[in-house]
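So the chains spell out like this:
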Amino acid sequence: MSVLPFIVTHGANDPAMATLKRSSVLTAIPALTTAVFLIPVILGLIGTWLPAFGYFPAIGLDQLSMTPWEEWFNHPSYKSALLKTLFSGIGASVLSLVITFVLLIGAYPSVMFQRLERLLSPILSVPHAAFAIGLGFLLSPSGWLIRWIEYMTGWFPVPPNWTTFQDPMGVSLIITLALKETPFLLFMSLAVLPSLNVQKTRWLANSMGRSTRFAWYWLLIPQLYQQIKLPFFAVVAFSLTVVDIALIAGPTTPPTLAVLITQLFNDPDLTNRTVGAAGATWLLILVSIALLIIHLLEPPLRRLRQWAIHCRPQTRLTLNWEAPVARALTLLMALAFAGSAAVTFIWSLTLRWRYPDVLPSQFSTLPWSRILNRIDEPFWCTVWLALLSALIALFLVILALENEVRLRWSQKKLNTQRIAWLIYLPLLIPQVAFLFGFQVFLIQTGWDGQFTALLWSHLVFVLPYVFLTLSGPYRNFDDRYFWLALTLKQQRGPAYWHIKFPILMRPILYAFATGFAVSIAQYLPTIFIGAGKYSTITTEAVAMAAGSDRRLMAVMAVWQQSLPLLIFALATLLPALRFRERQSMR
Amino acid sequence: MIKTLYPHILALSLATVATTSQAADWSTIVNQAKGQTVYFHAWGGDEHINDYIQWATDRVDEDYGVTVKHVKNVAPNAVNQILSEKTAGKDQDGAVDLMWVNGENFANMKANGLLYGAFTQDLPNYQLVDIDNKPTTLFDFTVPVDNLEAPWGMAQLVFQHNTEYVQQPPQSAQELLTFAQENPGRFTYPAPPAFHGTTFVKQVLLELTADIDILYAPVSLANFEEVTQPLWDYLDELHPLMWQKGNVFTDGAPKMKQLLNDSEIYLSLSFNPFDASNAIANGDLPDTVRTHIHRSGTIANTHFVAIPYNSGSAEGAMVFANFLMSPEAQARKANPEIWGDPTVLAMNKLTAQQKALFDALPNGAATLPPEDLANVLLEPHASWVEAIEKAWLTRYSQ
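Each protein sequence line maps, in turn, to chains G and A.
Counted from 1, the first sequence has number 336 at position 336 by this note's numbering; the numbering is strictly sequential.
Counted from 1, the second sequence has number 1104 at position 104 by this note's numbering; the numbering is strictly sequential.
None of these hints come from the bench; they were simulated from the model.
Any given hint might turn out to be false.
What the hints assert, rightly or not - Quick list of simulated restraints, FRET-style, between CB atoms:
| no. | chain 1 | residue 1 | chain 2 | residue 2 | range |
| --- | --- | --- | --- | --- | --- |
| 1 | G | Leu297 | A | Asp1287 | 58 to 68 angstroms |
| 2 | A | Ser1172 | G | Leu297 | 56 to 66 angstroms |
| 3 | A | Glu1182 | G | Gln114 | 50 to 60 angstroms |
| 4 | A | Gln1181 | G | Gln450 | 53 to 63 angstroms |
| 5 | A | Gln1181 | G | Pro160 | 14 to 24 angstroms |
| 6 | G | Ala338 | A | Pro1184 | 28 to 38 angstroms |
| 7 | A | Pro1230 | G | Leu292 | 46 to 56 angstroms |
As the list claims (entries may be wrong) - Listed next, the in silico DSS-like pairs over lysine-lysine satisfying Cα-Cα at most 27 angstroms (straight line):
| no. | chain 1 | residue 1 | chain 2 | residue 2 |
| --- | --- | --- | --- | --- |
| 8 | A | Lys1034 | A | Lys1069 |
| 9 | A | Lys1390 | A | Lys1245 |
| 10 | G | Lys533 | A | Lys1034 |
| 11 | A | Lys1110 | G | Lys533 |
| 12 | A | Lys1110 | A | Lys1390 |
| 13 | A | Lys1255 | A | Lys1390 |
| 14 | G | Lys533 | A | Lys1090 |
| 15 | A | Lys1069 | G | Lys533 |
| 16 | G | Lys79 | A | Lys1390 |
| 17 | A | Lys1069 | A | Lys1110 |
| 18 | G | Lys79 | A | Lys1245 |
The beta carbon of each residue, even a glycine, is placed where N, CA and C say it ideally should be.
Throw the hints in and build the complete structure from the sequences for me.
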């Protein structure tokens, strides 16, 4: 570290500058990356907006009208579904943000936190739907929890007629979403925390007579929030528009808006697709309004912060509630994930398992062997899609981030955040709505049902997450290491490969693993864009989930979980192996 | 006399002509089908059905050189695919060649010109279908089939009860209410517009309506409020006595089967009379589950396979549809140890050898004898479905 301050300036005669000029290929990258998302999204949106305004020639509607909108707002379930969506979506987002902060305040940095950190990657790799199904096995009135209580107390000879899952208000949906989103926000925070100098800030606050809590509340969290704002917005958008988790853990009569829209798109009455299109457009507006309101809350909060720092009297509240709460939350989270995984795994090895048995009365490997017959084709299709889309996304994201660095060096003003917003578009729009328009475009160009088109559709969703995971650590990379390397190596390529890449290897591999996991989880793009010609583990798992056989469902869920888990394990192990003799890189 | 006889003679002679030309057509179709790949979009939630479809695809590959790929896709997604293709102007060689369909999906596809055209009259095995005694093979939810889809299997609403908890299963909607009063929380039905839920509501409506003829005419001819009032009164009373106090509904019969296995509910429903026997054999349900129906009879219908208007392998699809209607395939499908889906064929149209295939089938302990199942109700006119679903959502889903 101490050598670095010597190389803080650079001039036009710098050898590095000369190599920079040759790298004009980089300038094309943001355009290319943007095109990868924007083309499907824009075409998809047009394909949604036209039917939303009553234009849908395929079913004989060739005149613009407001009828779909009227029907949408007059849908019997609309008002209640809207309230449930806002309650569960905003509730889950805020809850996961609050839990993230409490965990950080209560446990960062500590030994327990290091343990929690190690738990994160397996937790992140669990596909949302598989986790929700497992949680259902755990929490339903005949679930594992009640079975254990019955086993120990004998209180429930038959399952109680309670609502413990899929409650009408969406509380179980909030809990499921928060459990899945908190690790993501925590993971994103961990990437930026080193740059915030947590220890120093705390010491500084303490030396000025302020508490550690004060340091977190008014100094650290505001900075941290700025850094994880985009991931948080992605969480908000996701929670408001998610379909699969809402189907499994959400309310039913009525369901959330996203589920209602999906139902309209699947309705046998084809004119209801225009109503669904209007609903999807409305949901997009709703998400935008929600994000705008959250954004507008910042200035008043900033003023509050000013007041707290300068005027707020010192309080001597020494009760340290965050640490025990953080410990309890960590335990709860670990139990939920471990329990859901365990019960899923047991179901996959079951022949018969009835209430109130805590374990199956008959075990069998039959569910596994039945699936094994047919897993070959979906398995390889899944692997290729995930590998290729994660690799391409990683390549594009690294080049785009390198281009940022280049622009920073040439001192051009570039608001990278603004480009980042575009990247989020695919995450803000309910998939079912914009995939239809994209599909129409692909069919028109004769590109539908091709593997490359399918790969592209996966990329649309993989890219934002790879960008999300990698941009933080990448932007926090200390350029001075690279300048030092350049003076030693003289060439940009070797300097990058020998210095910058190894230092960033861990986040790069994590970004790859995240992209891999995101690709695995895609269901609707595979069905829509693949024209039914490609089956993946997830399409097989969803097909199974429509049936009644929990054992086969569980086998598919285990398959679905094991691939990303393997990749995440590799992403953790590889840097550890590569740098086993280097203490500070581990 | 001559005047009245004449059309019959004409019809008869036309029929003869049609039969001879058809025989020639069929060999052409079989020839054209060779080497084609048929994408068959069919629900894939049941591994027994998937296994059966796999068997059928292997067989048509051996016998006819037609490759069939089972796409585990629900009908709405397949319809979305066809709609996208129609929007994009891809009127040939679409992605869907054959799909499993019936009821509203069929009616809407027919109304929007998304179907290939009449084809079943050209399939030799269609002649064996029991169109006389199984009127639902000609009228799908009262909509004329017009040879646009090939009958594949029969369905009938049946109830399943767990004899551990239920000794005397309810024989009518009224008795079901009494059951719910005595066993609060132990019955539920899927929320409409889920198919099984809508069927249950229609069943109750049929049972509670004094003059059911009105339900077989378009809904616009009836005083909807008045006719359906007894239904809503009934459901208002039933819902608080249901599973989760009627605040939560399942999304279909498969979910209800899990609840029945878990003893969360004691009484469930299914659209397949052999379902309980099959599920017991498979370990999905305890062997104490039995099937029953209501005294008034229960709603029955037929499920079909249809070819979309833009299929590029229509001949291959026809060959496969024909195979699915063959006595061999139908008998295998009716075996509760394999699938247990009742046949669409007429036993009196089969040869002794073919009939023997069916006679040899096990019935399954939990299945009702055929004479009990003969008690069927026809679906109300298709226009009632949408009206009932909308009214249901207005009352119970807001």
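Each hint, compared with the structure:
no.: 1; hint: G:Leu297 with A:Asp1287: 58 to 68 angstroms; in the structure: 60 angstroms, holds
no.: 2; hint: A:Ser1172 with G:Leu297: 56 to 66 angstroms; in the structure: 58 angstroms, holds
no.: 3; hint: A:Glu1182 with G:Gln114: 50 to 60 angstroms; in the structure: 57 angstroms, holds
no.: 4; hint: A:Gln1181 with G:Gln450: 53 to 63 angstroms; in the structure: 59 angstroms, holds
no.: 5; hint: A:Gln1181 with G:Pro160: 14 to 24 angstroms; in the structure: 19 angstroms, holds
no.: 6; hint: G:Ala338 with A:Pro1184: 28 to 38 angstroms; in the structure: 35 angstroms, holds
no.: 7; hint: A:Pro1230 with G:Leu292: 46 to 56 angstroms; in the structure: 50 angstroms, holds
no.: 8; hint: A:Lys1034 with A:Lys1069; in the structure: 15 angstroms, holds
no.: 9; hint: A:Lys1390 with A:Lys1245; in the structure: 22 angstroms, holds
no.: 10; hint: G:Lys533 with A:Lys1034; in the structure: 20 angstroms, holds
no.: 11; hint: A:Lys1110 with G:Lys533; in the structure: 25 angstroms, holds
no.: 12; hint: A:Lys1110 with A:Lys1390; in the structure: 22 angstroms, holds
no.: 13; hint: A:Lys1255 with A:Lys1390; in the structure: 23 angstroms, holds
no.: 14; hint: G:Lys533 with A:Lys1090; in the structure: 17 angstroms, holds
no.: 15; hint: A:Lys1069 with G:Lys533; in the structure: 8 angstroms, holds
no.: 16; hint: G:Lys79 with A:Lys1390; in the structure: 15 angstroms, holds
no.: 17; hint: A:Lys1069 with A:Lys1110; in the structure: 24 angstroms, holds
no.: 18; hint: G:Lys79 with A:Lys1245; in the structure: 22 angstroms, holds
In this structure, every one of the numbered hints holds.
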